[in-house]
Structures are given as structure tokens and as C-alpha cells.
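Student: Sequences are here, hints too, so could you generate the full structure?
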Amino acid sequence: MSKQPRDDDDGVLAAEYVLGVLTPGDRNAFAARLGGEAALRALVRVWEQNFAAFNGEYESVNPPAAVRNALHEKLFGGEAKAGFWQSLGFWRNLSFATLAALALTIAVPYAFKPAPQATSIAELSGETKAVKLAVSYDVASATLRYTRVEGQAAEGRDFELWAVIGKDAPVSLGVIPASASGTIKVPSQLAAKISDAVLAISDEPKGGSPTGKATGAVLSVGKLTPI
Amino acid sequence: MATDQISALLSQVGLGNRPAFGSLYDMTSAKLFGVCLRILRDRAEAEDAVQEVYIKIWHNAKSFQQAGASPMSWLIAIARNQSIDKLRSRRAPAVELDDAFEVMDNAPGPEASLAAKDEKSKIDLCIDTLSKDRAAAVRAAYVEGYSYLELATRFQLPLNTLRTWLRRSLISLRECLES
Chain A
1196 MSKQPRDDDD GVLAAEYVLG VLTPGDRNAF AARLGGEAAL RALVRVWEQN
1246 FAAFNGEYES VNPPAAVRNA LHEKLFGGEA KAGFWQSLGF WRNLSFATLA
1296 ALALTIAVPY AFKPAPQATS IAELSGETKA VKLAVSYDVA SATLRYTRVE
1346 GQAAEGRDFE LWAVIGKDAP VSLGVIPASA SGTIKVPSQL AAKISDAVLA
1396 ISDEPKGGSP TGKATGAVLS VGKLTPI
Chain B
330 MATDQISALL SQVGLGNRPA FGSLYDMTSA KLFGVCLRIL RDRAEAEDAV
380 QEVYIKIWHN AKSFQQAGAS PMSWLIAIAR NQSIDKLRSR RAPAVELDDA
430 FEVMDNAPGP EASLAAKDEK SKIDLCIDTL SKDRAAAVRA AYVEGYSYLE
480 LATRFQLPLN TLRTWLRRSL ISLRECLES
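Residue numbers (my numbering), protein chains in the order written: chain A, 1196 to 1422; chain B, 330 to 508.
Since the hints were made in silico from the structure, they are not lab data.
Idealized CB from N, CA, C, for every residue including glycine.
Please note that a few of the clues may not be correct.
[Claimed, not checked] Quick list of simulated restraints, FRET-style, between CB atoms:
1. Glu1345(A) x Lys461(B): 55 to 61 Å
2. Pro487(B) x Glu1254(A): 29 to 35 Å
3. Asn489(B) x Asp1391(A): 33 to 39 Å
[To be verified] Derived EDC-like pairs (lysine to aspartate or glutamate); straight-line CA-CA distance at most 16 Å:
4. Lys1269(A) x Glu381(B)
5. Lys451(B) x Glu504(B)
6. Lys1269(A) x Glu504(B)
7. Lys415(B) x Asp462(B)
8. Lys1408(A) x Asp1363(A)
9. Lys415(B) x Asp457(B)
10. Lys451(B) x Glu507(B)
11. Lys360(B) x Glu1254(A)
12. Lys415(B) x Asp453(B)
13. Lys1269(A) x Glu376(B)
14. Lys1418(A) x Asp1391(A)
15. Lys415(B) x Asp1221(A)
16. Lys385(B) x Glu1268(A)
[What the hints assert, rightly or not] Far from chain A, some chain B residues (derived; all Cβ distances over 12 Å):
17. Lys391
18. Lys461
19. Asp462
20. Gln485
Tutor: Structure representation (C-alpha cells):
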């Protein structure tokens, strides 16, 4: 029968290695070969990708904050953190994917300290370059973090942030501070609802819309996407 | 979207960008800790393991691009390897028989995970060509990190029979995946 397994079938051995069923001795022996054999590494990679379909079975569990701190200590000790990523000029030359990714980065004020999880992200942009923000949202702390990619409100004006939840009228989340990055606290009654809301920025008089509805042009729009 | 983001972070981590590493940790540590916890079934060990996982990620992020895998699959593979190595280095396997079988009846979880989307259709089609028991054994080996010995105990088969049986399943899977 053609399906009789042979002990020297590297393809099967690679699958056994990826599954993790080998004895410690066989596992170590296989791992030792991996360093020198590109073909074997390729076989492992193919099986890893095949079995990746099962990864949905792993439920997410937040590790305690102490793990993050211990990790930081182990890797970086007490060293000071570099700050050059904060330079805005650097940002303009990056692709959106990188930008969106880095937006989260910069939103964490001190590099690698306990920080809330981001549960959704959005990029807010419009046809004009009046204002462009990268935003991440953490539902647990009801906090939006933004990084300004482009644009400042005109003299005597403010940018106001709105959340559009389903078919409801836009709800104001307040005026966006002028800083390059910062946080906006979301009212608790909205906290759970805005994880996949559309966010929009309008041009308003200083201090925000006097009417509770957007009065100026909508300059920038983006949808929060849960991650 | 999230996949692009994790890729972008990983390439930054490969350049030694610590803030990017912090963000990568925040975005992915819950999933990877979940992996360690599921396989090790011990909170303290899983906490140690997940730290080792991120130390590896920090040092090996450069090699991600050339690996060409989806970023989440790549990260999960590191977490599984670390956990299985740790598990096998234990003297006696600590496993309760009760929770073994509940897994086997489960279809892939409803959770629309980042990672599950990659290769879904093909492997699922191929897994379906195996008998129910065999499909369950392959899946349990992967998800729970069971050794041949544990699988033999659970399926109440002699070790050698189980091994031959699983290898045949892997060969069938490979034929199906390559077809």
C-alpha cells in the first residue's frame, strides 16, 4: 500500500515536528537538522501554514501586566528610551500600513510601559489634507488615542471629533486637542458602542460646535475596525 | 488590515524599534498567552513561556519577511514551539483526561481570529477527507500539543498503532493539500 509511512519521510517528520508529537529526543534531533537544511525548513513552513487554520481555537487571554514589565526588564534593563520616532517629518514618508501600525506606537507615551490594549483602529482622512489622524481605541479604558499625521485647525477654529453609531445622529466626542498625539476619553455610555463606529472630524468654532451638531465642513472620516 | 499592521510592526521590530515592539506586544500578547496557556495548562509556566516567546520575537523579527508566512501564523508558531519544548522538558506530563475529549468534538471556534483566516478552506476540506477520529487526533495534537504517548492514551490505542495511524493521516493530508 502506497500510504505505508516510512521513518525517513522528511515531509511527515516535519508535520510531526510542527504538531509537536515527537519524543523530546526526536524533536531535538529534528530541530538540530533545521539549522543546516533549508529544504527541511521549507517543509516546516508549509505545515505551519497548513495547520494555521486551527489557530482560531486558541482563545485570547490577557497576560498580567507583570509579564510585560518583566519582559521589558529582561530585554532592555533600565535603559532610557529613544525618542526619535516622535519626529513628525519621519512619518510623512511612510506607507499607510506602517503609519497605522506606528500610530499605536506613538500613542504609548513611554515606549514600553504597561499600556492598554488597542481593540480597534482607524485612519481618518479626507479629500483635502486638512486633517489626517491615526486612531486606536481601547474599549476597556474607553480611551481613543490619536496621532496627528497632518493638519492643524485654522486660527480661531477647532477640529471636533464625532462618532456615528449605526443610523443614529453623530455624537460629539469633543474637540481634538492641538497636540501631535494624545488621548480622548469616550463617555462610558458610548464605550462599548464605538468599537466599530465611523469617526468623523468637522471644522468648528473655537471650543466646538455650539449646537451639538456639526456646523462646519466634515474634513476627515474613518471607520474603527476591531483588531 | 490588522495583518498589515502586524507585518509593519514586525519589520520595525526587526530594525530594533522598541516602541514598535511595545505595540506588537499589546496587539498580540493575549493571543500568544492563550496559546501558551492552552498547551502548558499552567499559568506560571505560561507566563514564563510567553516572555521567552517575545524575547525570541525581538531577536528574530528580521527573519520574518523572508519566511513569507502570515505574521500571526509566524508568531503563533513561535509560541507553540516554545510551549511544546517547555512541555516536553517536564518530567511527567500533567494532563487531565476529562478535558481531552471536549476539544475533539469542536468545530473551529466561532471566534473570527486573525490567524484562522490564512489557509482555512483547503486544510478544512482536506481534514474532512480523514475519518472523524483521525481528524480529531490531528487537530488535538496541534491545538493541545499532545505527544504520541498522550494521544495513544486518549484514543486507547497502542503507541505504535497510534503513531502509524497518525502518520498515515498526515500523508493523506499532504496528498490532499498538494492536489
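Student: Sort out which numbered hints this structure fails and list those numbers smallest first.
Tutor: 3, 6, 7, 9 and 12
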